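Q: In case you want the letters, here they are:
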Amino acid sequence: MSLLSIENLSIHAGGKPLVAGLSFALAQGERLGLIGESGSGKSLTALAATGLLPAGLTASGSVLLKGQQVIGTPDRQLDGLRGTAAAIVFQEPLTALDPLMRVGKQLAEPLARRARRDGRPLSPRALDAAMLEALAEVALPDPPRIARAYPHELSGGQRQRIAIAMALACRPDLLIADEPTTALDVTTQAEILTLIDRLVREKDMALLFISHDLPVVANTVSHVVVLRQGEAVEAGPVAEVFARPRHDYTKSLFAAAQRFDTALEGGQ
Amino acid sequence: MSTTIASAPARPPRSLILWAGLILVGLHVATGLLSLVWLPYEPTGMVGMRLEGPSLVHWIGTDRLGRDLFTQLMIGSRIALVVGIGAVAIGAAIGVTLGILAAFASKWLDDALAATLDILIAFPTLLIAMLVVAASDTASLWSAIVALGIALSAIVARLTRILAKRVLVMDYITAARTSGSSWPKIVAIHILPNIWPTLSVNFALQFGLAVIAEASLSYLGLGAPPPNASWGRMLQEAQGTVYTAPLGAIAPGLALVSLAIGVNLLADGLRDSIDPTRRAR
Ligand SMILES: Nc1ncnc2c1ncn2[C@@H]1O[C@H](COP(=O)(O)OP(=O)(O)O)[C@@H](O)[C@H]1O
Ligand SMILES: [Mg+2]
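Protein chains in written order, with numbering that gives the first Met the number 0: chain Y, 0 to 267; chain E, 0 to 280.
Derived from the structure by calculation, the hints contain no laboratory data. Bear in mind that the values here come from a model prediction, so they are computed numbers and not experimental data. Keep in mind that a hint or two might mislead.
Listed next, the in silico EDC-like pairs over lysine to aspartate or glutamate satisfying Cα-Cα at most 20 Å (straight line) [claimed, not checked]:
| id | chain 1 | residue 1 | chain 2 | residue 2 |
| --- | --- | --- | --- | --- |
| 1 | E | Lys-184 | Y | Asp-78 |
| 2 | Y | Lys-104 | E | Asp-274 |
| 3 | Y | Lys-65 | Y | Glu-29 |
| 4 | E | Lys-106 | Y | Asp-74 |
| 5 | Y | Lys-250 | Y | Asp-196 |
| 6 | E | Lys-164 | Y | Glu-91 |
Pulled a few chain Y residues facing chain E out of the computed Cβ check, cut under 8 Å [to be verified]:
| id | residue |
| --- | --- |
| 7 | Leu-56 |
| 8 | Ser-59 |
| 9 | Gly-60 |
| 10 | Asp-78 |
| 11 | Gly-79 |
| 12 | Phe-89 |
| 13 | Leu-99 |
| 14 | Glu-108 |
| 15 | Pro-109 |
| 16 | Ala-111 |
| 17 | Arg-112 |
| 18 | Ala-114 |
| 19 | Gly-118 |
| 20 | His-151 |
| 21 | Tyr-248 |
| 22 | Ser-251 |
Heads up, the beta-carbon is just placed ideally off N, CA and C, and yes, glycines get one too.
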């Protein structure tokens, strides 16, 4: 059975379709890339997968997360599923953390919740230890100091590591990474990608990796879905799609990426 | 990899504002508390000549009935504090609850609430308070406080609604939802703390508004009667003699302004020390 199975998903704002007839599935331990230019509906798809579409947007079709239908299910009934089935890491490290809460306290929240849910609540001391361990796991140096810091005292890369740690704290079966490196500089980008790659492998999680950046996707996932204006125009194994893009849109994405690379290298 | 914790840029110390606020408010609090246990004179007693000027026995003189002005001023501090705190507490309790509910409500209900609040806010606070006082049969301090609290709650509700909506779209809220956190919990640990810095400064403004509005109610004869007379009542009684004995109007006027300014300075200073992104290190 698939961990996440999306069939004929459509998302509307008023009468306007933002995503139309999208289908894909993701099994335990699989890695899927969702690519497309900005505004093509990638983030909305991720939110719809967990039943978290903003007010005013309606979804139709079918989204099965761990066998449970998400579309049309009341919020309250999804709370249990959300903590364990899927977690999201967002693009913008600035808004991903509560600016007024110390990092350690924020990270302790999902850790404590997951422990309670498993029926073995943590003592304050054990929770503290688990929190420091979670910081160490995402390769943050000096966890006790980081735990006491406020988000604005940390760099973008450090904040994104904490956001990842918070997502992992739920021990989800599926990690959804919504352009997790787009807001970061190139060096930090590579580090975060390596980190996600390692953690997903270690914990045998499925990964839905969202990006508009082709090279980034190519190294991280095994299959891709190419999204254009809310519709899937191409899907398949990475190697195949990248070697022989069939759709003009995919080709234009490659061309744009190549032009960008050449420009960076200074060879106009 | 960058592993250093960036330090915030240096900012001028904000402690001056905090201290000025503390001193002004502290003076009124001390005077108000003292008035409960000690007063120079019987507040309603005709203890001197009519309209005496300042002297060693009557520090700022007497009113047209020969009552000691400084005694009345001290009681006024207590009344103003009770009015300000009471009205803001009532306004905050109603307003924050309504504002949060509106932020979560369905679009239809939210629009209806927002429109109602806009209409309410279009009426001056004082007018609403006068209506509420008029609706209660006796003019007492409590009816004035409840009236002002209700009048202020519309302003608080509108602000809370906007601030809460701004926090609601943040990724950390969605992240908390994905990890299975419930709405009440999210309101308690994320939304209220994040709207509090702005709300608290607004509460200080409201405090000043309430104190001034109560003075206006009293001035119009809708406030509490002596011996719980407020600064507004003093102003009203001094109005006939403002040219011959100006201190009778100047003293309560200055007291009113100093408390309103003090509370605002205090709130400003406190916000800077609460909010970690503003705190000078
Ligand atoms: N809350 C919303 N209401 C209406 N339209 C929205 C909303 N959120 C996003 N959209 C629109 O949906 C489209 C897809 O958005 P999104 O999924 O965020 O794109 P991206 O692929 O860049 O992540 C965009 O055109 C965007 O303007
Ligand atoms: Mg997006």
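Q: Now tell me, hint by hint, if it's right for this structure.
A: Going down the list of hints, with the structure as the test:
1. Lys-184(E) / Asp-78(Y): 12 Å, holds
2. Lys-104(Y) / Asp-274(E): 16 Å, holds
3. Lys-65(Y) / Glu-29(Y): 14 Å, holds
4. Lys-106(E) / Asp-74(Y): Holds: Lys-106(E) and Asp-74(Y) sit about 17 Å apart, inside 20 Å.
5. Lys-250(Y) / Asp-196(Y): 26 Å, violated
6. Lys-164(E) / Glu-91(Y): This hinted pair holds, its Cα atoms lying about 19 Å apart.
7. Leu-56: 12 Å, violated
8. Ser-59: 19 Å, violated
9. Gly-60: Interface hint status for Gly-60(Y): violated (20 Å vs cutoff 8 Å).
10. Asp-78: 5 Å, holds
11. Gly-79: Since chain E brings a Cβ to about 7 Å from Gly-79(Y), closer than 8 Å, the hint holds.
12. Phe-89: 4 Å, holds
13. Leu-99: Status holds, d = 5 Å.
14. Glu-108: 7 Å, holds
15. Pro-109: 4 Å, holds
16. Ala-111: 11 Å, violated
17. Arg-112: 6 Å, holds
18. Ala-114: Nearest chain E Cβ about 12 Å off; hint violated.
19. Gly-118: 15 Å, violated
20. His-151: 5 Å, holds
21. Tyr-248: Violated: closest Cβ of chain E sits about 28 Å from Tyr-248(Y), beyond 8 Å.
22. Ser-251: 30 Å, violated
Checked against the numbered hints above, the structure breaks hints 5, 7, 8, 9, 16, 18, 19, 21, 22 and satisfies the rest.
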